[in-house]
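Heads up: the protein sequence lines correspond to chains A and B, in order.
Positions 0 to 346 (numbering that gives the first Met the number 0) are the ones given, in order, by the first sequence.
Positions 0 to 216 (numbering that gives the first Met the number 0) are the ones given, in order, by the second sequence.
A hint or two may mislead.
[Claimed, not checked] List time: in silico DSS-like cross-link candidates among lysine-lysine, alpha-carbon distance up to 27 Å:
# : chain 1 : residue 1 : chain 2 : residue 2
1 : B       : Lys148    : A       : Lys35
2 : A       : Lys338    : B       : Lys211
3 : A       : Lys340    : B       : Lys211
[Claimed, not checked] Some residues of chain A that are not near chain B, with every Cβ distance over 10 Å (derived):
# : residue
4 : Gly41
5 : Gly59
6 : Ser204
7 : Lys227
The hints are simulated quantities; they were obtained by calculation from the structure and are not laboratory data.
All C-beta atoms in this analysis are idealised placements derived from N, C-alpha and C, irrespective of residue type, glycine included.
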Amino acid sequence: MKGNEALAEAAMRAGCKCFFGYPITPQTELAAYMAKRMNKNGGVFLQAESEIAAINMVLGAASTGVRAMTSSSSPGISLKSEGISYIAGSDLPCVIINVERGGPGLGGIQPSQADYWQATKGLAHGDFHLLVYAPASVQEMVDMVIKAFDKADTYRMPAMILADGLLGQMMEPVTFPEIEQKTHDKSSWAANGHKGQREHHIINSLYLTPEELERTVVERFAKYDTIKQTETDAELYMTEDADILVCAFGATARVVKSAVNEAREMGIKAGMFRPKTVWPFPVNELQEASKNASQILSVEMSMGQMIDDIKLALNCSKPVEFFGRTGGVIPTPAEVLAKIKAMGGNK
Amino acid sequence: MRKVTIITGHYGSGKSNISTNLAMEAAAEGKKVTVVDLDIVNPYFRTADFAKMFEENGIELITPSYANTNLDIPALNFDIERIAKSDGYLIIDVGGDDDGAIALGRFSAALNEFGDNLDMFYVINRYRYLTKEPSEAVELMYNIETASKIKHTGIINNSNLGCDTLADTVISSLPYADMVSQSVNLPIVFSTIPRRLGVDDNRFKPIEIYVKPFWER
Chain A
0 MKGNEALAEA AMRAGCKCFF GYPITPQTEL AAYMAKRMNK NGGVFLQAES
50 EIAAINMVLG AASTGVRAMT SSSSPGISLK SEGISYIAGS DLPCVIINVE
100 RGGPGLGGIQ PSQADYWQAT KGLAHGDFHL LVYAPASVQE MVDMVIKAFD
150 KADTYRMPAM ILADGLLGQM MEPVTFPEIE QKTHDKSSWA ANGHKGQREH
200 HIINSLYLTP EELERTVVER FAKYDTIKQT ETDAELYMTE DADILVCAFG
250 ATARVVKSAV NEAREMGIKA GMFRPKTVWP FPVNELQEAS KNASQILSVE
300 MSMGQMIDDI KLALNCSKPV EFFGRTGGVI PTPAEVLAKI KAMGGNK
Chain B
0 MRKVTIITGH YGSGKSNIST NLAMEAAAEG KKVTVVDLDI VNPYFRTADF
50 AKMFEENGIE LITPSYANTN LDIPALNFDI ERIAKSDGYL IIDVGGDDDG
100 AIALGRFSAA LNEFGDNLDM FYVINRYRYL TKEPSEAVEL MYNIETASKI
150 KHTGIINNSN LGCDTLADTV ISSLPYADMV SQSVNLPIVF STIPRRLGVD
200 DNRFKPIEIY VKPFWER
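Produce the complete structure using the sequences and hints provided.
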């Protein structure tokens, strides 16, 4: 399947009943797929008048307890950021998909990973986080959409799939897993009609006293601490004896893996660390992956945004170099290999 | 009158790879070949990716000027009517689905004049999620004809699973292709098999896989 279509199909299979979106390249096939199939599936597809309208429709739908989703690409996510903050402040579960393109500004339509900071550092105003998954294949996009819906419900918070144009536009074989139908009890908060049988449920992100707001935010951060302990995920590839550890997420990791394989053939002890969750960042997993490494290299389709998280995770105990292409240019295995060779490497 | 072949199909059915194979074969036979990338749907992964190889093989490539750029403008700045009037073999690679075929509709009157010199081949992939059932493939084929205002003349069975394609993958797609062919009463022009599999079976046409994943480029 095409990546964007697989994201849409996975969402419907995960029980997404409401999709609100607005077209933008390179994610438009996702909305087009939803437009053709969501209604037949007993759900709602609505093309809103703007990204801002779409994310606020997600807020409304999620308030009633149904599984809701929106998708966009980089500048569109910026437009949604106010609504995402309101959703986080209202403790509502939903899934947001970002099929990244080049920026800043209108930027371009070619693939990019330049929204890493946006996705992992809270995205919008206020103290909050999103759960952020970074798939590297069409299959992983399917698996992570299913997981994102589940975790969003578990923690009552928005989850994001941080993909990029390469993943959205590429074709790969996929298998749709049997989805375990977990029921999440939303009866204590969902605003789905009290029918005179219970108190009103109020979905709100406005608190009248600072102390009350502070208490809510602190409670939310206690939840984030639990998530940091339990929800991290990463792929460690040939890291056991790796002297040069290359870190990459998403589609870039596919390029890095080719380069690492070539380096190994040349006798260079290279390995790869790939975070599958970028918030929470897999700190323990990176420490494990880098235990024998003398140097770290971060490879990204940006000017280097994950590099900060790598340095923090390792307390700046090892030198971290960077190689990246930006503006929609895709790094090649040969370029990454040249950088690994330039770093020397313990043969 | 020049010979014209139009390639249509689902997103990811392998249209660009088929077009490229046809172009490279014809060029190897010493024919003058022109390829038109008429894809106004996909922002990347398209025939225009092969510009360098086409140039090296003397194949003329005509693409929308915004193909593979950062601009999201599905404009065609060339005239197929005029291109079709020059000589040599013309291959037109159309964008996915009926959405992509809309661009072709604009040139249907000029192209339909080619009569027997015009072929429009519909590429099918048994493993493509939305055309797994013969009935789904048939429905899409007719939708493409409605959008393009041109009738298909044959089916190309390009059933594959990308890098995971094995001989069995291809062989087990034959009954499916036959069902599609019979439903629409059109011949199967050929069934493809990747040349790298080294299968010697006259039911298949060995093809090169020019479309490389980005991590192997």
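Results for each hint:
This hinted pair checks out: B/Lys148 and A/Lys35 have alpha carbons roughly 22 Å apart, not beyond 27 Å. Between A/Lys338 and B/Lys211, the direct Cα distance comes to roughly 23 Å. Compliance with the 27 Å bound is thereby established for this hinted pair. Proximity of A/Lys340 to B/Lys211 is assessed by CA-CA distance (about 25 Å); at most 27 Å being required, the pair is judged to hold. With a least beta-carbon separation of about 19 Å from chain B, A/Gly41 lies farther than 10 Å from that chain, consistent with its non-interface assignment.
With a minimum CB-CB distance of about 30 Å to chain B, A/Gly59 clears the 10 Å threshold, and the non-interface call stands. The Cβ of A/Ser204 sits about 34 Å from the closest Cβ of chain B, beyond the 10 Å cut-off, so the non-interface label holds. Consistency note on A/Lys227: stated as away from chain B, and its beta-carbon is indeed over 10 Å from all of that chain's, at 31 Å minimum.
Checked against the numbered hints listed earlier, the structure breaks none of them; every hint is satisfied.
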